[in-house]
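Trainee: So the chains spell out like this:
6 protein chains.
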Amino acid sequence: MRPSGREADQLRPLKITRNFTKHAEGSVLIECGDTKVICTATVVHGVPRFLKGKGQGWITAEYGMLPRSTHSRVDREAARGKQTGRTVEIQRLIGRSLRAAVNLKKLGENTITIDCDVIQADGGTRTASITGGFVALADAMRVLVENKKIKENPITSQIAAISVGVYKGVPVLDLDYPEDSNAETDMNVIMNDKGGFIEIQGTAEGEAFSDEHMMGMLAVARKGIAEIIEAQRAALFDKE
Amino acid sequence: MRPSGREADQLRPLKITRNFTKHAEGSVLIECGDTKVICTATVVHGVPRFLKGKGQGWITAEYGMLPRSTHSRVDREAARGKQTGRTVEIQRLIGRSLRAAVNLKKLGENTITIDCDVIQADGGTRTASITGGFVALADAMRVLVENKKIKENPITSQIAAISVGVYKGVPVLDLDYPEDSNAETDMNVIMNDKGGFIEIQGTAEGEAFSDEHMMGMLAVARKGIAEIIEAQRAALFDKE
Amino acid sequence: MRPSGREADQLRPLKITRNFTKHAEGSVLIECGDTKVICTATVVHGVPRFLKGKGQGWITAEYGMLPRSTHSRVDREAARGKQTGRTVEIQRLIGRSLRAAVNLKKLGENTITIDCDVIQADGGTRTASITGGFVALADAMRVLVENKKIKENPITSQIAAISVGVYKGVPVLDLDYPEDSNAETDMNVIMNDKGGFIEIQGTAEGEAFSDEHMMGMLAVARKGIAEIIEAQRAALFDKE
Amino acid sequence: MRPSGREADQLRPLKITRNFTKHAEGSVLIECGDTKVICTATVVHGVPRFLKGKGQGWITAEYGMLPRSTHSRVDREAARGKQTGRTVEIQRLIGRSLRAAVNLKKLGENTITIDCDVIQADGGTRTASITGGFVALADAMRVLVENKKIKENPITSQIAAISVGVYKGVPVLDLDYPEDSNAETDMNVIMNDKGGFIEIQGTAEGEAFSDEHMMGMLAVARKGIAEIIEAQRAALFDKE
Amino acid sequence: MRPSGREADQLRPLKITRNFTKHAEGSVLIECGDTKVICTATVVHGVPRFLKGKGQGWITAEYGMLPRSTHSRVDREAARGKQTGRTVEIQRLIGRSLRAAVNLKKLGENTITIDCDVIQADGGTRTASITGGFVALADAMRVLVENKKIKENPITSQIAAISVGVYKGVPVLDLDYPEDSNAETDMNVIMNDKGGFIEIQGTAEGEAFSDEHMMGMLAVARKGIAEIIEAQRAALFDKE
Amino acid sequence: MRPSGREADQLRPLKITRNFTKHAEGSVLIECGDTKVICTATVVHGVPRFLKGKGQGWITAEYGMLPRSTHSRVDREAARGKQTGRTVEIQRLIGRSLRAAVNLKKLGENTITIDCDVIQADGGTRTASITGGFVALADAMRVLVENKKIKENPITSQIAAISVGVYKGVPVLDLDYPEDSNAETDMNVIMNDKGGFIEIQGTAEGEAFSDEHMMGMLAVARKGIAEIIEAQRAALFDKE
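Chains as they are written, first to last, in UniProt numbering: chain A, 1 to 240; chain B, 1 to 240; chain C, 1 to 240; chain D, 1 to 240; chain E, 1 to 240; chain F, 1 to 240.
Calculated from the structure, these hints are not laboratory results.
Careful: at least some of the hints might be erroneous.
Since the list can't tell identical chains apart, any single copy or any two copies may satisfy a pair.
Restricting the straight-line Cα-Cα distance to at most 27 Å, the calculated cross-link-like pairs of lysine-lysine (DSSO-like) are [said to hold, decoys possible]: (1) Lys82 <-> Lys105; (2) Lys52 <-> Lys194; (3) Lys52 <-> Lys22; (4) Lys54 <-> Lys151; (5) Lys168 <-> Lys106; (6) Lys151 <-> Lys82; (7) Lys52 <-> Lys149; (8) Lys54 <-> Lys168; (9) Lys105 <-> Lys168; (10) Lys223 <-> Lys105; (11) Lys194 <-> Lys168; (12) Lys105 <-> Lys151; (13) Lys22 <-> Lys148; (14) Lys194 <-> Lys82; (15) Lys168 <-> Lys149; (16) Lys54 <-> Lys106; (17) Lys15 <-> Lys223; (18) Lys148 <-> Lys106.
Let the sequences and hints guide you as you build the complete structure.
Mentor: Here it is, written out as structure tokens:
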């Protein structure tokens, strides 16, 4: 019934490749089916002005799409001289979500920038960015600890994200582009490894959605998040 | 227990003044406690380029804060030459929510712009903008029908919004600024008059939030939305 | 003979409301007939770079119109990313005029920003901004003195502004929009309470204007300014 | 008594060189003492959008200073990405003043752009731009008539501009930079060849100025304008 | 003697992967040692305004670096709101070079945009972009021919590029970052498959360079270009 | 055979006027035939951030064209809010070339900005800017030495630039606009007074160019540069 033939609660194949490029403190290629995003983590000593002297660090994120990562080419934002509203919204969401994974006091006066650049888009680029960005962030934290820049790893919980929706009346997990563009409702769910919610953003695309639909979407989201958390853990601990 | 002394599920005093300024097709001053927003609706014949020739209309929104609507002055975005990420995010939310109230086909090739300008801020400016913006939109639709620009009123449902949160462990309704800046979780809920969800955006501010908290927040939101829907109706039908 | 039925030298009803919003050090709603402007004064410790270490303060002004304060909606400057030439010109005039009211040495190293935001426009928004801005400025100065941030009130004179013009060959006072758009000449006059000129800007709109017209316009301006000075004084001293 | 040794009502040496560069329809170098401005007039068929289909033409102006035309270098506006408020104000004044010289109906659907670029600044660059810009405009009109693009020369009057001020208590004509930076009052006067006023902009620099000072400034302005009008005429008619 | 141990006239390992992403008409990953660039070609029907109605097509290029493609992170140009001078210079060079490969008349009124996005930088990103961009362009042309949008393949010659330099007094081929940042002279050479020059840009980095050095650099460039031309051909014809 | 009737290796009349304007430390009008550029040098104490504390100075350049310096008016970059790619490319070339003339250590922590503003364009404006810019730079260095801001003149060599090209199959020197727009190849050559190359930028305009053409262009360039070097020397040493 789904265009991809998947079960309603089935994720797309998920692949997380660490050390994808060589310069960044953390560098991850995340592939969720045909969606491919490079997530890098850059550590810089110092904090933005509004945090000066507060004895804490900062996590921020930036997001971009290569102009031809999509079906038809989108304008290069650098050439337009302006990020779109969608980009701004997404990078704020990524930053907010990843800050929830970290004790900023333990990070000291360091700033970590997570860059999420979409190489190929097929739905779910923002949730892939959060999931992959967490792995890059975790790698950067290890570098900080190994280099004795900080004493203790400031990661307090693991963060993962997934999109869910209502497609032909059924709650489904991990929408790809053909589903995303036809779903009645679209919801991004960001959770931690203890099952707590970090952020929920649900939007009715045509009809309003009911309590029942929301409960159904949350149920498939919970299943998907558990699998993604597992995949992150495997990438971070088993594969090195 | 709340700084304002309100009950956990009690709204702030809500006042909706129509025809607040004289030029716009719809012009509303909405006051939610000390939060005051001017919402105007402007009708222009024609549609944006991406809708040309599709035989439908468009609803869009813009949001701004007077520089000294807040405790300390914020930079004037027109002088900075750029809207902040927060502004962009809010005006996209307002536009999306209000489009859910309208049959765009019945609107014909007309564009309605909802301008929400915050005169005084005390928490909840984005939800006040949606609630007040709906009333301005409804007035503009009446003008279109009265002037025979369209045959039928394209409003399909009534839309209202409210913020809820978890404050000192308790789900509370309609956060003011002192609560908003100390809440553990903050959630904006936009619903229609049939009890369907249009949009939900919940964000953990420190700790992740639980299912139980979410259910609690949705419960107070539902109560608040019902009262706001009533107040909008009173403003639109009884008071004229 | 005037569209409004006023005498040639008659002001529109003038209303000055202090403490209009709650956060600013000075906050004034000025209403000149249907023209309504919110003027706030914000005090910040410190001065712009070009005044660093000179032992003096600074007064600056910013001006904006709500997009639908006018007959047809004007683009939101924050969204366009640029203030129009008209806006720039007006806010420079407001700042220059209000600096003439103040001994900047006595202000110490403080900067006061006057924000003038037009809620509803019906001609004369720039002169209303100066007149209302002066009252907001005076309130901010009182706050500075009361809080012992400065020893002495730095206000040296009272400043008021009015537009005059030649309409159907006759010099008239305080042009509203229908007159303004049809006047042969338009002149903004800013004066102090001792009858001295702070700034004069007269523009022929079609025909050049003669000495005689100028003398006539100055005469009605002088009468109007005297009444406005009185109204400011009443607002500042009697009504509190 | 004046730094330059001039009489109170004496102009600086004024030199107008036509055909200064070879590409423009009108190209003038105007030298007022050490102030040197290149004024070119460019004719393009067509009008700005707001005039489409109204059967009239348009005159607009742009102003710039070479970065090192002044004592200390000013930022190049093209590199900053923004014109300063002062520039915007000046180019609006030039455009408005020159439009007063022209019957725009007779110009047909043509747009003339006057570019005023200051090569060397020593006070009075905006009035030099208007005076020189008029000559460039007149040359462009002749080209249009000679090339039979229009039937009749649309110039209706001759426009000239001068700055006057109060320096050490005395009204003086044509301020150079040392005077300009010390004058108590500064006034720009734009008039036509029939003695009518096109625009007056007077600004008190410290003290307010009196009626008497204004009358004194207008008297010297009138004398100066008459001489400038004569010089323009000589340049346009005798020297070719 | 070279940091990499290569011979003076030895290229880095060169790998060209076609069909790297799935949406673009041409999509190439080019790897020159550790320098990795994604080059995509996008075909759009229509031409820029300055070519309307001339019966020809257009090739243009855009270039960007992922923020952490380099040793230390560079600002995201989309966030700064401006492309750097270096970026502008590079993308103009890429566009100019690739237009030399094409008969624009035969392309018809189509525009091809080559996007070159650097994933990992280690010297020579602009020449890699040209070499890889040509392959993406060639693929896009095949698509146009296969889809019968044009009759004949408009490619007239094969274009490749390489950097050469003088390092420790010796002309060397294909500088990597450690060489590039220490070379006395740096020259980019773009040639076609007939041995003709398309563009040469040589810059002395400290000392001026001599005729002898130039001849030496051209000699190694010629050898390198021949090998690159061969590699492009293999990628385009043999591997499919 | 050349449109101007010149020999293949003949320069246009070259005129260098020092002290062209009065404020700058160096101010030169350079005229190469009908191409006229004002080059000024401004000295400011201090260096850009990336050189702080390195005990050296900096040379930078900016370039602009008056809007009507060309056949048809180009947009004023200050009004567009953006410099074109061409402008950025040119000003980077001028700065790079002139830095090659200077020992930046001996300059101390001073920054010299060379402003090149084209008054009239007829081909070769970038090379004229470099040639004239060098003379302005040399004058500024003398001022620094005379005012004892630095001990020793930091100029290490003389820099000059010329364009050459292949026109109707023949290598020619110093292209004017009619040649430039029809040349098959266009090459800018920047050399010092010892015959070393500072920068070479050659571009094929239609056909690729051969070794033989390159050798021919370099030969005429060498002849032209020698004459220009002589003219700079005459301007700097003989004429004062």
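Trainee: Have a look at Lys52 and Lys194 and pick one of within, between, both or neither, based on CA distance no larger than 27 Å.
Mentor: Intra 32 Å, inter 49 Å, cutoff 27 Å: neither.
Trainee: Within a copy, between copies, both or neither: where do Lys194 and Lys82 come within 27 Å Cα-Cα?
Mentor: neither (38 Å within a copy, 39 Å between copies)
Trainee: Go through the copies and call it for Lys151 and Lys82: within, between, both or neither, with a Cα cutoff of 27 Å.
Mentor: neither (39 Å within a copy, 39 Å between copies)
Trainee: Within a copy, between copies, both or neither: which one fits Lys54 and Lys151 at a CA-CA cutoff of 27 Å?
Mentor: Within. Shortest intra-copy distance 18 Å satisfies the 27 Å Cα cut-off; inter-copy 33 Å does not.
Trainee: How would you label the pair Lys168, Lys106 (within, between, both, or neither) given a Cα cut-off of 27 Å?
Mentor: between (47 Å within a copy, 25 Å between copies)
Trainee: Between Lys194 and Lys168, at a C-alpha cutoff of 27 Å, which is it: within one copy, between copies, both, or neither?
Mentor: between (31 Å within a copy, 21 Å between copies)
Trainee: Please sort Lys52 with Lys22 into within, between, both or neither, judging by C-alpha distance up to 27 Å.
Mentor: neither (31 Å within a copy, 29 Å between copies)
Trainee: Under a CA distance limit of 27 Å, which applies to Lys223 and Lys105: within one copy, between copies, both, or neither?
Mentor: Neither, since 32 Å and 39 Å both go past 27 Å.
Trainee: Classify it for me, Lys54 with Lys168: is the Cα-Cα distance of at most 27 Å met within a copy, between copies, both or neither?
Mentor: Close across copies (24 Å), not inside one copy (50 Å); limit 27 Å.
Trainee: Which holds for Lys15 with Lys223 at a C-alpha limit of 27 Å: within a copy, between copies, both or neither?
Mentor: This pair counts as within: shortest intra-copy Cα distance 18 Å, inter-copy 41 Å.
Trainee: Are the CA atoms of Lys148 and Lys106 at most 27 Å apart within a copy, between copies, both, or neither?
Mentor: Close inside one copy (13 Å), not across copies (41 Å); limit 27 Å.
Trainee: Go through the copies and call it for Lys168 and Lys149: within, between, both or neither, with a Cα cutoff of 27 Å.
Mentor: neither (52 Å within a copy, 36 Å between copies)
Comparing the model with each earlier hint shows violations of hints 1, 2, 3, 6, 10, 14 and 15; every other hint is respected.
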